[in-house]
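Q: Chains A and B, in that order, give the protein sequences. The first sequence begins at 518 in our numbering and counts up by one. The second sequence begins at 26 in our numbering and counts up by one.
Since the hints were made in silico from the structure, they are not lab data. For each residue, glycine too, the CB sits at the ideal point set by N, CA and C. Each hint should be verified, as a subset may be incorrect.
[As the list claims (entries may be wrong)] In silico lysine to aspartate or glutamate, EDC-like type, Cα no more than 16 angstroms apart, as pairs: (1) Lys51(B) with Asp805(A); (2) Lys186(B) with Asp805(A); (3) Lys870(A) with Glu931(A); (4) Lys186(B) with Glu832(A); (5) Lys669(A) with Glu633(A); (6) Lys188(B) with Glu633(A).
[What the hints assert, rightly or not] Which chain B residues stay away from chain A? Per the calculated CB distances, all over 12 angstroms, these: (7) Leu123; (8) Phe133; (9) Leu187.
Here are the chains, one letter per residue:
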Amino acid sequence: MSIVLIGVNHKTAPLAVRELLAFSESAMGEGLRALVDGDVVREGLIVSTCNRVEVLSATANDQLQTGIERIKDFLSHSRTVARESFAAHLYQHVDDQAVRHLFRVASSLDSMVVGEPQVLGQVRRAYSQALEAGTAGRVLNRLIHHTFHVAKRVRAETGIAASAVSISYMAVELGKKIFRSLEGCSVLLIGAGEMAELSARHLMNAGVARVVVTNRTPESAHRLATEFGGEAVSFDALAEHLAEADIVICSTGAEGYVVSRAMAEAALGRRRNRPAFFIDISVPRNVDPSIGTLPNLFVFDIDDLESVISSNIREREHEAERAELIVDSEVMQFQQALRALDIGPTLGALRQKLQDIARSELDKQRSRLGQLTPEQEKAVEALLMGTVNKISHPVLNHVRRSAGDDQSIQAWREIFGLEGERQGVTEVADELGDK
Amino acid sequence: MKALLLAVLAAYFVAAIHSILAFVNKRRSLQRVSDLSLATGFVLHTTALIADWVIDRRYPLLSLRETLSFLAWTVVAAYAVVLYRYGAHALGVIALPLVSLLTFVSIFIRTGPAIAIEQISGASARWLFPMHTTLLTFAYAAFFVVFVSSVMYLLQERELKLKTFSAIFHRLPSLTTVNDIATTAATIGLTLLTLGIATGMLWSASRDGRLWHNDPKEVFALLTWLLYLGLLVYRSTARWRGRRAAWLGVVGFVLVVCTFLGPRLMSSYHAFG
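Looking at chain B on its own, in the form it has when it is part of the complex:
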């Protein structure tokens, strides 16, 4: 299994390097190498995840190691969707190094003792827990896309206002494109987040009869949810909100990172693995 994951890491790494080189040199051939390598890595990674599931007979999304690995997988999936829909290769310059890093950490991190799902979920509503974690991981990937496209928006908007264009300016997708990506990704992300929180609450209710624990992670998640809801409402009141919406996309992601990492630092009900 480790060999397979190392192959995945190598493929992602090659994809990341070529994506950066293609961005700098504007070489289509390098971009093709990146895409192919990424596709290879993604297929191998999918295989590894499924194998994990089949061999261990439990859903592979529990320990920190598994979560990071799955998170990397969802970011690749999100990037693939953006490529297919918008052809925005520039996203890969940030997404693929992150994917490589996540995969790297997931392989080499020290793992605690394996936790059986029964330990956490008890017997009731067993399927709700994996639903909860899967939905939220996908939501994180979507918010990452919002973040990166918001940053690309802000960079370009700033240069357009200052009327001085750097080399990066010519390599980024247009304002309309990054705005569309951010809006779409935020909508998808918020939907997933809502469903993720809902399944979490249901599961919690079925386990110990409480919907809400006032746990740090839950508080952060609620804040995140409110922020993205605000972002989408703000965007929809006038179709295009530009810079301020982009800033919300950046701040939102900071909250997402806090939601993800924070509870591990403050000991929390949600800290596993």
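One chain only, chain A, in its complex shape:
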């Protein structure tokens, strides 16, 4: 089986083309079943996101070209688009290249923002859709599981996703850096704004215990508070609540400082010097920057955040180079794993083993047979081999059917005691034409 990957992404195709080819959630099942024909294209999976549409398939070895054509036709038919309108934007990868591409996509090395975490979830979703549609078989199962392993490894061993590259996520990163874990921390949201809300949402997802919202207009404070399951407090009580907040996100339209140095000093005293940080995304600034010179208090305004983010992006690109090395080595490992799935050597070894048994039994009885003529010799041989082959034929067919299934191949090898006979059998298998 060959692994074939054909598709478009944000680098090769404009949105106008990508949207023509995109599969909606509801069209996916039908599309997958149309893709797989059981003969040439044996297994299939479709990753369709706003940045890419990719068809991954396991295709019969000897009909690779036919397979590729069929997949392109499939895209054209199922999306009712003429082939010419997207053909120029397509890339196609086979075997190693396809595997590498998939690993890179899932590890978020091929994403618009390198290291973004969503794409792995999208691949996961594509896989479960293929499972539901019954179009993921042995080869793709194996490939996808290896893909998840690679993506996990890349995340764990490189910093491509380590640092925040969006303002809304900086709060989470800073929180983890200062407080170890966000559990038990409380957040004070001053004012409302899209960015502030998004930050608060990320913080909630990261496990923040409590969100307190305050606003000059109490109604919007209440609305936000109910949305986050937090509590709304009066804007006049801001100074009191400052002392309880570990993380303060400030974004109001006010002119001048909403949080003054004196307020912060008082809060620090009541916090018994426990650290806290302020994220000020308002312009003009609402948090007095001189608060940053007080011990254990950290203030980040919008420019600070932007500059940290741009250095984080550079850091990610640097880490991406190391991720590519991991992908390279994993592609090699996957090749080896795939080779183990190959049935040829097992078939050859099994046949050889049965014939060897027959020959050795013949040798044992040879003395009793007396002198044989060459014709007789041939006849005895033919008799033995014919019997062995006739008996083993259905067995071999059965073994052949378990191609790609590691466990049953292993079971077959154990039943016939084939371990330790791996060497040399490949040639036999080739000779017998079982490849």
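We have chain A already, so just place chain B on it with the hints.
A: Below, chain B without anything else, positioned relative to chain A:
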């Protein structure tokens, strides 16, 4: 015995290298190699220390060679505790090269004539002397942990204030973690130091009737004790003191090093081996 110690050195060295590589490359597998190698080294080292004790029939903590070797052992133990409690592998980047260095020096340093413990301790209260030295060695290891975590605190605090994050920043444990490690280690260290000084005084009193000799080492030890006491009082008045407490942790360790090495340079009552 030397072969065993060389094996210990090799294991520590491998652990140190892998710990640094793991820190730079963020590779868990390298960290595992480091941990395993360290564990192996620690077991062998423990065996060597016990064998030393059994064979020579005297407590192996007297000459400079023995002291350095034991100090390395206590630093490994302290690092293991930090790993278990806080998972702060970053500490190993400084601790393990130091351990390797101490072990290296302890193996290859020229040793003076062996001193029998009777020479120093006399007959009375013989058990007090090894207690004294053991407690203090553990205290040194604890103060080393305070030092390293304080440095990690200061590095990160500085970057947070300047709002520019280096590659190291992302690899260090959080501020809260290093602050906790420093506080805990300082508490343990001060307790051990207090007990160590007390046993020393008792032993001295039983030997020649004097609690205090005004020896340089004793003066340094007293200063160290006062400084760490100050540090802990300062920390406990408001739970978190951040940068200034971290600086105290650094200065304290400078005093510890002076206490340890100083008297060897100025000839002193406390200089052995």
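Q: Taking the hints in turn, state whether each one holds.
A: Comparing the hints with the structure gives:
no.: 1; hint: Lys51(B) with Asp805(A); result: violated, 37 angstroms
no.: 2; hint: Lys186(B) with Asp805(A); result: holds, 14 angstroms
no.: 3; hint: Lys870(A) with Glu931(A); result: holds, 13 angstroms
no.: 4; hint: Lys186(B) with Glu832(A); result: violated, 20 angstroms
no.: 5; hint: Lys669(A) with Glu633(A); result: holds, 13 angstroms
no.: 6; hint: Lys188(B) with Glu633(A); result: violated, 23 angstroms
no.: 7; hint: Leu123; result: holds, 25 angstroms
no.: 8; hint: Phe133; result: holds, 37 angstroms
no.: 9; hint: Leu187; result: violated, 10 angstroms
Checked against the numbered hints above, the structure breaks hints 1, 4, 6, 9 and satisfies the rest.
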